[in-house]
Amino acid sequence: MRFNKIIMLVITAFLLSAFTNVNTPTVIQGYDIGDIATDFSLRNIDGQMVTLADYENVKGFIIIFTCNTCPYAVQYEDRIIALNNKYVDQGFPVIAIMPNNPIIKTGDNPKAMKARATSKGFTFPYLFDEGQKIYPQYGATKTPQVYLLEKTNEGNIVRYIGAIDDNYKDVKLVNTKYVEEAIEALKNGNTIEESKTRTIGCSIKS
Amino acid sequence: MKLLLIFLILLGVSCKTDKHDEVALKLLTVEKTQSIDVPSLEILNYAGLEPYLSKEDSLTYVVNFWATWCAPCVKELPHFEKLNNQYKNQNVEVLLVSLDFPSQYDKKLKPFIEKHQLKSKILVLDDVDQNSWIPKVDSNWDGAIPVTLIYNKRKRQFYDRTFDYVELENELKQFIN
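Here the protein sequences line up with chains A and B, keeping their order. In this note's numbering, each number is its position in the first sequence, counted from 1, plus 601. In this note's numbering, each number is its position in the second sequence, counted from 1, plus 504.
Incorrect hints may have been included.
Said to hold, decoys possible - Among the chain B residues that face chain A by a calculated CB cut under 10 Å, a handful are:
no.: 1; residue: 561
no.: 2; residue: 562
no.: 3; residue: 599
no.: 4; residue: 603
no.: 5; residue: 632
no.: 6; residue: 639
Said to hold, decoys possible - These stretches of chain A come out as covered by chain B in the derived footprint (C-beta under 8 Å, 3 or more residues):
no.: 7; segment: 651-658
no.: 8; segment: 788-800
I should point out that these hints are in silico values taken from the structure, not numbers from a laboratory. In this text, a Cβ means the ideal position worked out from N, Cα and C, and glycines have one as well.
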């Protein structure tokens with residue numbers, strides 16, 4: 602009798618948990634403006650590991666979660682290259698991270714990443730978030746998604762999260778270059794006017 | 505297809521045989537009919553879409569934001585189609601809002617709609633000012649798709665998740681019962 606009760610309890614608990622799982626949307630807790638971003642050690646397309654702490658004489662980082670297979674990410678490739686070319690010497694290098702699971706998205710496997718970076722002439726590291734450990738800490742949900750970090754004595758502080766600019770379709774019709782404006786504000790010690798922006802993007806495949 | 509057509513026409517002209525002309529003509533007809541069959545898309549900016557997200561009639565609306573390039577979206581589309589089919593006579597309307605790029609409307613979106621014989625109402629949202637309209641759909645949405653909005657004049661719920669059919673139906677039932 603007692604045993605039956607225990608079984609009933611276990612079954613009830615199981616059903617409840619199953620029910621809860623079905624109905625609870627996955628909420629990704631990530632960084633907000635002002636949070637300190639984690640460093641990482643991720644493999645670049647050249648096989649070398651890249652760590653933010655290895656960068657000396659930088660003022661910050663333009664971390665961009667991007668990939669080969671998302672049309673939005675592809676649409677922004679040239680603009681990501683241009684960002685790096687403009688800001689690497691000003692102390693804000695681009696670090697691109699590919700967060701997808703390449704078993705689901707084979708077009709994003711390390712070999713394909715290398716091929717894409719070579720053909721586009723990426724001038725920045727293109728890292729593979731192997732095991733998908735880093736993007737959830739940042740709270741990235743899609744590609745492309747930018748986290749602008751400012752390097753301080755306390756760590757790398759998140760200063761901007763969002764889109765590169767306000768027109769994915771046509772670079773000539775862009776009104777606001779969000780990332781550039783944020784960097785310029787940082788450099789001049791001004792407040793970043795738009796520190797969080799939203800765009801449509803491809804969900805990160807896990 | 506077009507190249508082949510031109511080639512065949514050229515061939516027809518150069519050979520001047522009735523047979524080739526016939527083939528070319530036939531192909532021309534096929535091409536014409538196909539272009540008539542392609543559905544015309546209802547392309548909207550956010551101001552045009554907004555009324556579809558705030559109707560106050562007797563229906564319950566299931567609005568899914570998707571794109572042909574979005575794999576999880578494509579995977580769950582059949583569930584929305586099934587829902588539309590099962591509930592269309594119970595004051596429910598499914599709206600599929602495509603976020604495909606304009607350059608892909610003819611190349612990918614229209615062929616996709618045809619291939620999968622989509623029956624739900626399809627709207628196409630083309631509005632680059634995403635930073636202003638995304639939070640208007642829901643303040644918690646950061647722009648990743650798929651997402652779904654279910655609403656009627658009494659209740660409104662935004663879902664930043666994917667669905668299987670049972671889950672989707674269960675959510676809908678909370679609106680119509």
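Hints versus structure:
no.: 1; hint: 561; in the structure: violated (28 Å)
no.: 2; hint: 562; in the structure: violated (27 Å)
no.: 3; hint: 599; in the structure: violated (17 Å)
no.: 4; hint: 603; in the structure: holds (5 Å)
no.: 5; hint: 632; in the structure: holds (5 Å)
no.: 6; hint: 639; in the structure: holds (6 Å)
no.: 7; hint: 651-658; in the structure: violated (count 0)
no.: 8; hint: 788-800; in the structure: holds (count 4)
Going through the hint list in order, the structure does not satisfy hints 1, 2, 3 and 7.
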